[in-house]
Each structure stands twice: as C-alpha cells, then as structure tokens.
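There are 2 protein chains.
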Amino acid sequence: MSVLIVGSIALDDIKTPVEEHANLLGGSASYSAVAASFSSPVNLVGIVGEDFPAEHVELFEKRSIDLAGLQRVPGQTFRWSGEYLWDLNTRETRSVALNVFEHFTPTLPDSYKETPIILLANIAPDLQHHVLDQVKLPRFVIADTMDLWINIAKERLIELLSRVHMLILNDGEARQLTGLTSLIKAGRKLQELGPRYVAVKKGEHGCLLFGDDGQFFSCPAFPLEDIHDPTGAGDTFAGGLAGYLAKSGETEITFSQIKQAVVHGSVLASFNVEAFSLERLKTLTHEQIAERKALFHRISSLD
Amino acid sequence: MSVLIVGSIALDDIKTPVEEHANLLGGSASYSAVAASFSSPVNLVGIVGEDFPAEHVELFEKRSIDLAGLQRVPGQTFRWSGEYLWDLNTRETRSVALNVFEHFTPTLPDSYKETPIILLANIAPDLQHHVLDQVKLPRFVIADTMDLWINIAKERLIELLSRVHMLILNDGEARQLTGLTSLIKAGRKLQELGPRYVAVKKGEHGCLLFGDDGQFFSCPAFPLEDIHDPTGAGDTFAGGLAGYLAKSGETEITFSQIKQAVVHGSVLASFNVEAFSLERLKTLTHEQIAERKALFHRISSLD
Chain A
1 MSVLIVGSIA LDDIKTPVEE HANLLGGSAS YSAVAASFSS PVNLVGIVGE
51 DFPAEHVELF EKRSIDLAGL QRVPGQTFRW SGEYLWDLNT RETRSVALNV
101 FEHFTPTLPD SYKETPIILL ANIAPDLQHH VLDQVKLPRF VIADTMDLWI
151 NIAKERLIEL LSRVHMLILN DGEARQLTGL TSLIKAGRKL QELGPRYVAV
201 KKGEHGCLLF GDDGQFFSCP AFPLEDIHDP TGAGDTFAGG LAGYLAKSGE
251 TEITFSQIKQ AVVHGSVLAS FNVEAFSLER LKTLTHEQIA ERKALFHRIS
301 SLD
Chain B
1 MSVLIVGSIA LDDIKTPVEE HANLLGGSAS YSAVAASFSS PVNLVGIVGE
51 DFPAEHVELF EKRSIDLAGL QRVPGQTFRW SGEYLWDLNT RETRSVALNV
101 FEHFTPTLPD SYKETPIILL ANIAPDLQHH VLDQVKLPRF VIADTMDLWI
151 NIAKERLIEL LSRVHMLILN DGEARQLTGL TSLIKAGRKL QELGPRYVAV
201 KKGEHGCLLF GDDGQFFSCP AFPLEDIHDP TGAGDTFAGG LAGYLAKSGE
251 TEITFSQIKQ AVVHGSVLAS FNVEAFSLER LKTLTHEQIA ERKALFHRIS
301 SLD
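So the sequences go chain by chain: A and B.
Residue numbers for the first sequence follow this note's numbering, so the first one is 1 and each next one is one higher.
Residue numbers for the second sequence follow this note's numbering, so the first one is 1 and each next one is one higher.
In case anyone wonders, no lab produced these hints; they're calculated from the structure.
Everything numeric in this text was worked out from a predicted model, so none of it was measured.
It is possible that some hints are incorrect.
If chains are identical, the list can't say which one is meant, so a pair holds when it fits in one copy or spans any two.
What the hints assert, rightly or not - In silico DSS-like cross-links for lysine-lysine, where the CA-CA straight-line distance does not exceed 27 Å: (1) Lys259 with Lys293; (2) Lys189 with Lys293; (3) Lys293 with Lys185; (4) Lys247 with Lys62; (5) Lys113 with Lys136; (6) Lys185 with Lys15; (7) Lys15 with Lys282; (8) Lys282 with Lys247.
Construct the entire structure; sequences and hints are all you get.
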C-alpha cells in the first residue's frame, strides 16, 4: 500500500558545537517521505520555490517518491536556521523565512485521494484538516505536531485529534497539550480526545506507545555513540512508522503491528542523526536497517 | 550468599511540589540495605546518633539486616534536607548537617570480613577504600558514587576504580568523570580505568550496562504513573542489584546475571519512588516484585 505524506520542505542552515552547514535539504515532509520510502510507495505533498536545488528533487525521484503533489512555484523555498547547544538536546531557532510556504495550500492530485495510509507530518493544523477534507476513506491517519501549534492553534489541533487514528508528539508537547506532568496520564488523556493510538516520543530516551484496552509499549532508545545532527529525527521516526504500516498490507492494523512500526521508525531515526540533513538516509540500505534492528533487539532484551 | 553494605544513614527532610515530610529515614546505606534484603542476608555498616529513632532500627531488624556493624554513638544523626522542583528531576539541597557522620570510620566486625558481595554505597572514596582494606578476597565489589566526590576527591575515586568489579554512576557523573559527552564512550572509558562492569544510570530513562568483550545492555526504564519522592532511587537500584547477585550463589558472576540484577534493581527502584522515604519498600512483597518484573518484560519487549 502507499502512504501519503504532507508537510514542509525546507532549506536548512544548521550549526552544532562542532559543525555548521548551509542550504541543507530539510522539512518534515522531506525526512518523513524518504524514511517511508524504505518500506512503501510514497505520495508527497509539499511546496518549494524556484531556488530548490535539482539534486533534492533527484533524491526524491531516486527513492521512487511520487511528486505529482509537489508544487513548484515562483519565489524562495521555506528556510530555517537553527543551532544546537553542547549536549545536542537543546535547539535554538536562529531564523525562519516561510517564503513560498506562507501561502501553501496542500491540494491533492486525484491520484492521491485514495491513498490508504496518511501521514500528516508537522505543519499547521489547518493544513492537516484541509488534507483530510480531500481524502476518501483512508485506512489509517497519523498526525504529527509541534509546540508551535499547541501555542497558536490549540483549538484546531484538538479538533484534528478526533479525525486521526494516531497522534505522534514529544514528551514536552504531551505535557503542554494536557497540562499533566505524568506522561502515562498525558498519553491516556490524549487518547480520550480522539486518537486510538498515541506515541509520546522522549527524544533520545525512546517512546511510549498507548493502544486500545490499556495496551502499552515502552520502546527503549537505541543508544547512539555519535550524534551529528538531531534535526529531522522525529520526522524520520514518523515517516518510517507510516511506511512500515503501509507495507503491512491489507490486514487490519493491530497494536502489535504498530509496535513493530515504532521500532522500525526508531531504527530509521537512529541512522538519521548520524549525519547532517538526509545524508545518512541517502546511503542507507535495507541490510543495514535489518542489522541494526537485530542489534536493537539484542541489546534491549530483558531476558 | 550475603552482601556487605556500607554507606550513609540519614534523617531527611524532603519537599516536593505537592508534599513535605520531615525526619524521614534516608541515606545510601538505608535504601541499599533494605532493597538488598529482599534477595539475600545483609551486613550493614553505618553510623547513627542518639536521636536515631528506634522504629528505623526495628525496620532493619524486621528485614533481617545484620546490625553488628551499625555504630550508635553520642551526638546527632546525619541530616539532609532537599527540595525537588516541579518535574521531580531537579533537586536542590537545602541543608546538610554531617553530625556523627563527620568522623565516621567504617570498621568491619570480624563476622563481616569475608562477605562475598560488597556494595560500597555512596560515601567518600576514602571510606570506600578503608572498607576494602579490611575485607578478605571478596567475590564481587560494587561501588556507587556521586558528583560531590568527583568534585572534591576525584583522585581517590579513580584509585578506587581499579579495586572494584563494577561501578555504578549516573549519566552526568559519567560525563563529568570522563570529560566525554557520549555515554557509550564514557562507559567504555570508565571500564579502562578498572571496573569490568559499568552501569550508567539515566534517571527515569533507564540504564546502560557495559560488560566484557563489548557486551552491552540498554535497560529500558519502567514507566511510572506517579512519582512521589525520587530520593534513594539510585541507592535502591544498587542495593537491589547487589542483593540479586548475592542470591545467585556460588556460580561465577556472568554478564547475563548482572543484566538480570540490573532489571531487578530497576524494578525495586520503581517501587521506591512511589512513596516518601522507604515507605513503599516497607510494605513491598516478593509477589509484587515478580508481578512488576513480568509487566516490565511485557511492556518493554520489542517482539
């Protein structure tokens, strides 16, 4: 099955304590789409300007990502510039230029409207709603979000929750959205607001997955020796997860499958942070994914 | 087999955002000894003053902890007062009064000198050395420590590392002691300084265990719904781990056993934080431990 991914496509300038790079491919849809493409066909919806480098389009094409939904318009591509502090856990945004993204309307080509799995990657809730207004009977809808939307569009975000099967957000966002400090309580509270499944990401510390009937999975982190650029880890996780579910095919999506999708997404994210931008995903192989998944099982097993 | 535990015994005043309690039983040896007592006989070495309440001694006795090494001397018991900030992860020490602890010399009764498993709970490295000077051919020596000793007694702590089989410390301490930000690199570096095994605790996020020949275990956290008082979680973990190894008996201590000991210690620590001081450990049963261990396996399994 295919997965439809809508989100931002950006050119990033990123500084860490040891390195600095400019004009990198970034944005939630870029990371998510490439990550998903390891498991399933991807229909991409996004917008770029005239300055968007051909090499990035070629990357999408090389990953067999359908670009019928990629809008190329006059003007400059969305730009983001950020800096990570010494421990790579704290990020400061240095500048944002929305450019062509400011007036983005995610219009779906007809060929996309029956995509069974939908990932509403991190963009404004209004745009996420607009995508759902266009699709026909999707099998599984996943929404990602960020603190910005909780701050400026909380009501629309809460409305969205009753339209999605699964919500992905990080620990701080889960606390902010529910007003609860306990992540277990926050996860359950978010389920009450709509989504059958909630994944609360804990950055480098893994993820909590909440399912039906009190089903619960505490996904450990894959411990990394060297993190070069944490940008896009969450988007890669979400994309990997969505792609994995699409690959699972026509059978009903179960908690057990979503667990495996969370593990898959975590493994892809663990690769993504090993290099700047999507550089590591570019060279990643299925064999490397399988190897790391086996290692992840081995080092995390309580037995 | 028995485990010898030496450390501090304190009376704590503890404030959290929702509760405040005074004159609580505390100290590294108190938590460690009671935790270990669920698995094995314990020989306790510590010091208290005349003000030390009889009920705390009775708790130790009820847990069949050998008190031949408990010094009761004129003066006041060591007192510590601390406050936790809203997320319970940040702790501020409000006051410390060493009292009788200031001139503590951990002298071992003859009956303790051949205890096979030794836990040097968190006290000054000089005192930890002094204990090792008195014991005869221990099978397994575990040392816990804290940032204070890295700040004021780093050299003696480093000397200690070549005298112990296992070091337990938290993530911040591992980084501070090695100057390395990567916990994987820090753990390996610490092994080079002496201990065959190193456990790097990540607070509520689990623990990394480093063993022989690159053996490695990323122990996930047991996710807690309600944390009431994080005090003593690390001491409970270390005591539970040491007791578990003592219980394992005469066979050689393997990486696999230490893994199980880490899981056991994590489960005991998860109970300890559910109430102030040692209140939860007081009522804890073997059945509850077994139940939570089974749950821990179930919710953390990648399969």
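Right, here's what the structure says about each hint:
1. Lys259 with Lys293: both (13 Å within a copy, 20 Å between copies)
2. Lys189 with Lys293: between (31 Å within a copy, 26 Å between copies)
3. Lys293 with Lys185: between (29 Å within a copy, 21 Å between copies)
4. Lys247 with Lys62: Within one copy only: 19 Å inside a chain, 58 Å across chains, cut-off 27 Å.
5. Lys113 with Lys136: Classified as within: same-chain Cα gap 6 Å, cross-chain 75 Å, threshold 27 Å.
6. Lys185 with Lys15: Cα proximity of Lys185 and Lys15: across copies only (23 Å, versus 36 Å in one copy).
7. Lys15 with Lys282: within (21 Å within a copy, 51 Å between copies)
8. Lys282 with Lys247: Close inside one copy (20 Å), not across copies (50 Å); limit 27 Å.
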